[in-house]
Amino acid sequence: MPIIEVQNLVKKFGSFVANDNLTFSVDAGEIYGFLGANGAGKTTAMKILCGLSAPTSGKVMVAGYDVSHQSEMVKKRIGYMSQRFSLFDDLSVWENFQFFGGIYGLPSAKIKQRTSELLGRLGLESEKKQLLGSLPLGWKQKLAFSVAIIHEPYIVFLDEPTGGVDPITRRQFWEIIYETANQGITVFVTTHYMDEAEYCNRISIMADGKIVALDTPANLKIKYNAANIEEVFLKIARS
Amino acid sequence: MPTNSSIIACNITKRYGEKLALDAISFDVQKGELFGFIGPDGAGKTSLFRIITTLLIPDNGSITVEGLDTVKDYVKLRKILGYMPGKFSLYQDLTVEENLRFFAGIFKTTPEANYNLVKDIYSQIEPFKNRKAGKLSGGMKQKLALSCALIHKPEVLILDEPTTGVDAVSRIEFWEMLAKLRANGITIVVSTPYMDEASRCDRVALIQNGSIMDIATPEGIRSNYKRDLWAVKAYDIYRLLIDLRKFKSTWTAFPFGENIHLSLKNENTNPSEIVAYLQAAGHQNVQVSKIEPSVEDCFMELMQGVKSE
Amino acid sequence: MKGFIIKEFYHIFRDFRSMIVLFGMPVVQVLLFGFALSTEVKNAPVAIIDHSNDQVTRAITSKLLSSGFFILSDEVHGEDHIEEVFRHGKVKEVIIFESNFASNLEKDRQAAIQVIADASDPNTANLLVNYTSAIVADYQQEYMKGLSLPVAITTESQMMYNPALKSVFMFVPGVITILLMLITAMMTSISIAREKEMGTMEILLVSPMRPMQIIAGKVIPYVLLAFANAVTILLLSYFVLGMPVKGSLLLMLAESLLFIVMALSLGIFISTVSKSQQMAMMLSMFALMLPTILLSGFIFPIENMPLPLQLISNIMPPRWFIIIVKSIMIKGLGFQYIWKETLIIAGMTLFFIALSVKKFKIRLE
Numbered sequence: 503m504p505i506i507e508v509q510n511l512v513k514k515f516g517s518f519v520a521n522d523n524l525t526f527s528v529d530a531g532e533i534y535g536f537l538g539a540n541g542a543g544k545t546t547a548m549k550i551l552c553g554l555s556a557p558t559s560g561k562v563m564v565a566g567y568d569v570s571h572q573s574e575m576v577k578k579r580i581g582y583m584s585q586r587f588s589l590f591d592d593l594s595v596w597e598n599f600q601f602f603g604g605i606y607g608l609p610s611a612k613i614k615q616r617t618s619e620l621l622g623r624l625g626l627e628s629e630k631k632q633l634l635g636s637l638p639l640g641w642k643q644k645l646a647f648s649v650a651i652i653h654e655p656y657i658v659f660l661d662e663p664t665g666g667v668d669p670i671t672r673r674q675f676w677e678i679i680y681e682t683a684n685q686g687i688t689v690f691v692t693t694h695y696m697d698e699a700e701y702c703n704r705i706s707i708m709a710d711g712k713i714v715a716l717d718t719p720a721n722l723k724i725k726y727n728a729a730n731i732e733e734v735f736l737k738i739a740r741s
Numbered sequence: 004m005p006t007n008s009s010i011i012a013c014n015i016t017k018r019y020g021e022k023l024a025l026d027a028i029s030f031d032v033q034k035g036e037l038f039g040f041i042g043p044d045g046a047g048k049t050s051l052f053r054i055i056t057t058l059l060i061p062d063n064g065s066i067t068v069e070g071l072d073t074v075k076d077y078v079k080l081r082k083i084l085g086y087m088p089g090k091f092s093l094y095q096d097l098t099v100e101e102n103l104r105f106f107a108g109i110f111k112t113t114p115e116a117n118y119n120l121v122k123d124i125y126s127q128i129e130p131f132k133n134r135k136a137g138k139l140s141g142g143m144k145q146k147l148a149l150s151c152a153l154i155h156k157p158e159v160l161i162l163d164e165p166t167t168g169v170d171a172v173s174r175i176e177f178w179e180m181l182a183k184l185r186a187n188g189i190t191i192v193v194s195t196p197y198m199d200e201a202s203r204c205d206r207v208a209l210i211q212n213g214s215i216m217d218i219a220t221p222e223g224i225r226s227n228y229k230r231d232l233w234a235v236k237a238y239d240i241y242r243l244l245i246d247l248r249k250f251k252s253t254w255t256a257f258p259f260g261e262n263i264h265l266s267l268k269n270e271n272t273n274p275s276e277i278v279a280y281l282q283a284a285g286h287q288n289v290q291v292s293k294i295e296p297s298v299e300d301c302f303m304e305l306m307q308g309v310k311s312e
Numbered sequence: 155m156k157g158f159i160i161k162e163f164y165h166i167f168r169d170f171r172s173m174i175v176l177f178g179m180p181v182v183q184v185l186l187f188g189f190a191l192s193t194e195v196k197n198a199p200v201a202i203i204d205h206s207n208d209q210v211t212r213a214i215t216s217k218l219l220s221s222g223f224f225i226l227s228d229e230v231h232g233e234d235h236i237e238e239v240f241r242h243g244k245v246k247e248v249i250i251f252e253s254n255f256a257s258n259l260e261k262d263r264q265a266a267i268q269v270i271a272d273a274s275d276p277n278t279a280n281l282l283v284n285y286t287s288a289i290v291a292d293y294q295q296e297y298m299k300g301l302s303l304p305v306a307i308t309t310e311s312q313m314m315y316n317p318a319l320k321s322v323f324m325f326v327p328g329v330i331t332i333l334l335m336l337i338t339a340m341m342t343s344i345s346i347a348r349e350k351e352m353g354t355m356e357i358l359l360v361s362p363m364r365p366m367q368i369i370a371g372k373v374i375p376y377v378l379l380a381f382a383n384a385v386t387i388l389l390l391s392y393f394v395l396g397m398p399v400k401g402s403l404l405l406m407l408a409e410s411l412l413f414i415v416m417a418l419s420l421g422i423f424i425s426t427v428s429k430s431q432q433m434a435m436m437l438s439m440f441a442l443m444l445p446t447i448l449l450s451g452f453i454f455p456i457e458n459m460p461l462p463l464q465l466i467s468n469i470m471p472p473r474w475f476i477i478i479v480k481s482i483m484i485k486g487l488g489f490q491y492i493w494k495e496t497l498i499i500a501g502m503t504l505f506f507i508a509l510s511v512k513k514f515k516i517r518l519e
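Protein chains in written order, with this note's numbering: chain A, 503 to 741; chain B, 4 to 312; chain C, 155 to 519.
Think of the hints as simulated: they come from the structure by calculation, not from any bench. Errors might be hidden in some of the hints.
[Unchecked claim] Below are the BS3-like pairs computed for lysine-lysine, each with C-alpha atoms no more than 27 Å apart in a straight line:
#1 A:630 - B:22
#2 B:79 - B:132
#3 C:494 - B:22
[Stated by the list, open to error] Sample of chain C residues at the chain B side, in silico, Cβ under 7 Å:
#4 222
#5 290
#6 354
Even glycine gets a Cβ: it sits at the ideal position worked out from N, Cα and C.
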């Protein structure tokens with residue numbers, strides 16, 4: 503059953519068409535990679551899916567709600583994390599969890615339970631009282647991800663979550679993504695690391711506002727006769 | 004004393020309060036070399052580059068660039084440096100052409116005077132010369148920032164993470180531009196968090212937590228990798244990873260695209276042993292092949308070494 | 155250097171918001187004050203105690219009441235009650251004709267009118283007295299027409315509660331001061347902080363430009379704009395508010411220029427200690443705006459402040475500039491009377507410039 507359904511999505515800014523008739527769907531529990539060159543329209547589409555911006559035309563259903571007029575319902579059911587978004591450096595780890603749990607209206611018992619669950623998974627329980635600013639970047643990114651799923655959303659949107667992170671932490675991050683997907687949370691992710699695209703169940707590649715390729719990484723490599731996704735990406739971008 | 008060194012750094016240490024950003028690092032860059040600092044955010048790349056460009060004073064150690072000390076001779080040094088800070092520092096509300104003209108102006112030159120040097124790069128964005136820099140795409144901003152850093156014909160070009168946040172196509176184009184500049188004899192020092200870009204450099208320094216883990220040519224780095232490395236593939240890659248971690252002779256197992264790179268504790272493990280173990284665990288379509296390590300494998304191996312010390 | 159200044163103008167003219175702050179705020183502020191002031195004096199309740207009640211006093215009374223500025227309130231029945239009605243705020247002004255007004259005017263060629271105003275609202279009181287005097291003077295002109303010898307009707311005004319009218323006409327000098335101070339200091343500090351935030355300052359520092367050149371390049375456009383602003387404010391207060399410029403206009407402009415340079419150097423100093431645009435904004439607002447309003451004598455007369463605050467007000471540049479503006483515009487005094495204040499501001503300017511050049515880092519932190 504698709505958890506995200508996009509039909510003929512068009513978004514215009516004046517005469518500029520940022521999203522040109524997008525149609526795709528994402529299944530529940532899937533890891534979906536959303537790729538494209540800078541300026542291809544990824545950010546615009548992502549904002550629409552998160553209910554932050556309304557489509558010019560077309561139908562976008564996320565977690566069973568229409569983003570055009572039920573964006574509040576959508577927002578309650580999704581989580582969001584980006585490289586630019588970070589938690590509060592001057593709050594402790596626990597205070598950050600408490601704050602963001604509170605934003606989603608979780609009762610304090612639930613926040614406590616989720617926090618110890620998520621910190622336990624990261625092995626960071628002993629850092630609970632530390633100020634976030636004192637932790638290494640890789641840990642912060644993992645914590646930011648945990649905060650994004652504290653309210654057990656249906657979908658979590660990750661916007662370049664591993665940018666600038668060291669190679670080991672980057673892989674540990676993807677293992678957390680796998681675990682999350684195994685628990686049934688859908689993961690919608692953008693990245694500039696083409697090897698990470700291979701970790702996704704399916705990927706789509708955008709160019710000039712359109713989705714020009716959408717399939718499993720394996721099928722795309724066959725279709726474009728390429729050794730890896732980076733080659734697929736270059737072939738598409740240069741055509 | 005080699006006369007063909009462009010940059011010589013000796014025991015550079017920099018602290019921010021308690022935090023040690025650079026821990027006594029030394030290196031030298033040859034004239035005309037394309038030298039890369041490869042490492043994640045927070046490794047100390049930006050601090051190092053700010054020391055090279057005279058913006059910061061090291062707590063200890065010294066750097067000379069073209070024989071000029073970064074602390075004492077900063078006035079002279081600033082005339083021969085080209086610097087592109089992280090985040091493409093451009094004036095967003097000025098047009099492409101106005102930005103170029105302004106940056107030429109502060110070095111008391113004009114875009115026309117050194118047009119030859121930037122022609123290849125600037126001609127790609129010239130059709131948009133009346134567009135505001137803030138309205139450019141990431142790749143175009145990057146080209147404009149490079150043009151601005153080059154417009155006064157610097158002898159040494161310092162580029163701090165020029166490819167961060169830029170898509171794969173623009174990244175490749177950017178490295179092609181750097182290769183051309185290198186052919187013009189400019190010394191280029193560049194930093195990047197993307198390990199795969201290491202192969203584009205003459206020599207690289209792998210940097211992590213303020214220390215240089217290794218300096219060599221990309222081939223040299225790879226040849227320093229002492230373990231056997233296997234690429235393992237199977238139908239369910241996540242379960243494959245978990246099972247490989249449990250394998251008795253596994254040293255590390257990391258996902259790499261569609262494969263898992265497996266390094267082993269003891270050298271004499273037969274690949275059929277791995278296959279047998281995985282098939283027993285119920286994996287289908289198991290493929291195991293021996294591979295040459297990439298710079299990223301080497302980086303992770305070095306990180307593991309630092310951690311286990 | 156030229157390129158630097160041109161670039162700075164591009165920044166200013168392309169940023170719609172800063173344009174509004176630069177040019178909109180002065181106009182709105184001056185008009186607001188002017189508007190607030192002019193509405194107050196219509197139909198002010200006035201009481202008339204006529205000890206003479208002859209044809210001259212009746213003529214003056216009707217001329218006053220038909221002017222539209224006053225309406226007659228019959229609350230006051232004698233001089234003993236004046237204070238009481240003022241205290242209740244029912245009447246803004248009391249006009250008293252001496253007895254035998256017409257015959258005094260005829261015999262002695264002079265007669266007196268006493269005007270008492272409620273100066274707890276000094277601006278209104280001052281205006282009412284001015285209007286009254288003007289209307290009486292007007293009547294005097296008419297009265298003299300058929301006569302060969304001059305006559306004089308003297309109006310003696312008396313301000314109650316605030317006899318020296320300490321803050322009358324203070325507001326225009328105050329507004330000029332605050333606007334020049336805020337616009338120039340805030341805009342420069344923000345524009346320099348913006349370069350730091352955007353990372354462009356890194357490139358400027360790594361260029362052969364000297365700190366003085368960078369500062370001058372950033373500041374010169376704002377000197378010009380702030381000066382244009384000062385002229386706008388002066389024109390507005392002259393034409394819209396009827397604020398006189400009794401002294402030398404040239405001197406006034408020269409002093410404004412000095413003050414602008416002072417505010418700019420203060421702005422540069424603020425930017426050297428702030429890392430972001432927000433911090434520069436906050437510092438400008440709290441370090442400049444509040445002391446300027448509260449301690450410069452703009453709203454609260456310095457004489458009435460407790461001694462510690464009086465001492466602090468001495469280091470507020472606006473305090474001295476307000477004195478200069480008042481001296482030139484209202485009192486019409488020349489440079490020989492304000493050289494001390496000028497010197498103080500010049501000294502402060504040098505101090506801030508020296509401090510900023512010293513604080514302005516040739517490197518990052």
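Here is how each hint holds up against the structure:
| no. | hint | in the structure |
| --- | --- | --- |
| 1 | A:630 - B:22 | holds, 21 Å |
| 2 | B:79 - B:132 | violated, 32 Å |
| 3 | C:494 - B:22 | violated, 52 Å |
| 4 | 222 | violated, 51 Å |
| 5 | 290 | violated, 59 Å |
| 6 | 354 | holds, 5 Å |
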